[in-house]
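Student: One letter stands for each residue in the lines below.
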Amino acid sequence: MSAMKIQRKALVTLKEGAYKWLFATLAFASLVFLVGIVFTLLTESLPVFSKIRPTSFLFGPFWYPTADPPEMGIWPLITASFAVTAGAMVVCVPIGVGTALFIHELAGRRQRAFLKPVIEILAGIPSIVYGFFGMVVVAPILQDLLGIPTGLCAFTASLVLGIMATPTVASLAEDALSFVPRSFREASLALGANRWQTLTRVVMPAAGSGISTAVILGMGRAVGETMTVLMVAGGAAMVPKSLFDPVRPMTSTIAAEMGEAVMGSLHYNALFAIGLMLFLITLGVNIIAEIISRRFRLKLGLGR
Amino acid sequence: MAPETKICAQHIDFFYGRTRALKDISLDIYANRVTALIGPSGCGKSTFIRLINRMNDLIPGTRVEGKIIMDGLDINHPRTDVVDLRRRVGMVFQKPNPFPKSIYENMSYGLRINGMKDRNFIEQRVVSALKKAALYDDVKDRLHESALMLSGGQQQRLCIARCLVVEPEVILFDEPCASLDPISTRKIEELILELKKDYTIVIVTHNMQQAARVSDYTAFMYMGELVEYDLTEKIFTVPKERMTEEYLSGKFG
Amino acid sequence: MTIPEGITDNLPGTWPKGTSGRKRIIRTSDISQALGFLALVLCIIFALLFLGSIVYFITSRGMAVISWEFLTEVPRRAMTKGGVAPAIVGTFYLTVGAMAFALPLGVACAIYLCEYSPGSVAVNIIRLSINNLAGVPSVVFGLFGFAVFVKVFGFGVSILSGSLTLGIMALPGIISASQEAILAVPQSYREASLALGATHWQTIKKVVLPTALPGILTGVILNVGRVAGETAPILFTAATFYTRGYPDSVFSEVMALPYHIYALMTEGTRPEVQTAIAYGCALILLALVLAISAAAIILRQRQRISYGS
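Residue numbers (my numbering), protein chains in the order written: chain F, 449 to 752; chain H, 128 to 380; chain X, 83 to 391.
Be careful, since some hints might not be right.
[Unchecked claim] Interface residues of chain F toward chain H, partial, derived using beta-carbon atoms under 8 Å:
1) P495
2) S631
3) A635
4) L637
5) A638
6) L639
7) G640
8) Q645
9) E708
These aren't lab readings, by the way, just hints derived from the structure by calculation.
All residues carry an ideal CB built from backbone N, CA and C; glycine is no exception.
Build the full structure now, drawing on both the sequences and the hints.
Tutor: Here's what the structure looks like:
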């Protein structure tokens, strides 16, 4: 009997161990995918650098991948991505943070119960819908209004992208604000500060790094956004000279040209190299966001 | 010498929604005296002192009836400037709540929001307030470090000092020692006794010994009502009400 | 109540006439407060106005196109007549496929992170990779899916490739939603189960997962909405502009609503007719995604109330 008992106990231990290993293995899937993505991007893009020097790939001013001989400088694409992202930030940071502050400070209980979920739901509107809206509504309006040759340009893309990132920024910034202990607010008001002073001098600085994280994550989303810029930015691979030039950001280059690129050709490899650049940029953005949000939690004493 | 009345509450009722949290409270608070509010938790003592600088305005769905007069002026009057009121009536909270800024920034905050820009003046006021709060020697070498690096007791003294910088007339203490160790508590109590020379002080405490040690007058509240209010020595030695006597001898609460 | 004599004597009684309230001074700080609040109000009005106008335009223009035929028939005459049913069906297949892949994996990962050796090096590495995976641009997932599923694994441009790509992309979201739900299970439940002699796995299976299930499901629903609307990852892995009828296996290419909008706007020969159809598709997609995420958010709020947090 005792032998049976021991046997059963061993079986249970074995089973427990097996489950643990099963879950551990499955849990490593995301690591596998991340490594897989890096590996794929590297192997598929390395051939480019055997033909083209990395510096002339990065800083070359012309992107004519299908010309003969092809010219593959992604500088115009990088500048386009940065221009459009910077423009989007100009739109979404003030409006997004302002919206968060409104919900935090001015909205009544009912308004908040309505606005918070609405903002979150709006954050889920697919990017293709923004792109489509930008193309059929915003671009023609801006073209008429500003008298520019084409409505499909960096300015329109920035505007649409900025609006698209606004709910995300607002939602994350509101979370950061709500983490600020109410005691800070009470202390400030009890010293005779008015609500605006309390908001700008105590609550916002306390939530500052949380808000920065929100902004940086919004930026990451804007840099990596594909469909909106593909449809709205105009698609010309030139270094933009003005806000109203059509541009071709990195993401839309990949999306537009992947279908035509011959598998295994230099063009194909170059598109993966652009993907690698994008990956590195968003990785950097994420790391910065992570560092700042860690500091934020420490500052407010929220632990990890 | 009869003390001068600083604040006079007349028939105060206070409602959270439909719940009546304070019932017909009338009492006088005297200038340069320490008035303690004691009673079991939930008796309305914190609610009452938060009325004096209108902090309850921040809680939606509340309503106050009756009058609180300070220096002859009705603080709940619609034309009373609540910002000005809060500068005159400072408050120290249960949990130390320094801002996540440097010690110096915490201290200068109250002056800066008033538009004070003169650095020398600010520094002078900060130093004198820190000295009054008996904190200066602890922090003089690290004024520009984060206030959150201080111990709990030091943080609470910083909050007191921060409140002194704006030179209030009245200071409200809402269970200031609730989260502190006995030694820090002792220091805060000494500080309160020191401060009463210049300020009118109201302290809420659930600690009867603390009330006996620091206060001149004691009000005993129960279930939103003021049961008894008198000189502290009388309350603790010859209470008039049976309920007070029972509470003080630990029969309930 | 007792107020001893001598105290009431000191009542101010009547306060000086004409000073029933302090005169209100207008300070510069009051003005900046008014201006600041005004700016905040403008911000939210602008945000709601713009977002509202998107919903309004798409709805009003889209309604004109949508009919029973539009929803249920296959496209005819080079995409200018008929309906978009195959695109709706395709989006459904892709989403279901992505979830079938990502859900078990995501929940298993969340269980490991929360229930087994939290705080260990392995857990930190996994957490780091999830965070970074969450930030990878969607088009890069598309590249990865194309290189690996379409080419290396030889699945071709197909539902399978597209679903796997979308699934990987949805994984971080599902993991974090599941984690949140599992962490919300009170520790006392686990202790009670373990104290009764249940093993670790029994506790997870019988106590933790059933309690966390509603939370996990709402998190998953929220992600379903996002997956259904994604375009870039399926651009080169699954989607095509036109199929004759419906897909017949997981290895077929499919039409999908988001890609169809893009294709209608950029390909084809009759832009004026195609734009109208694109409005219809955009409305279907928008309604689908908004309904799904609204449902998830409402469900989640109910749950939060019942957890009392």
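Student: Would you pick out the hints that fail for this structure and give their numbers low to high?
Tutor: 1, 9
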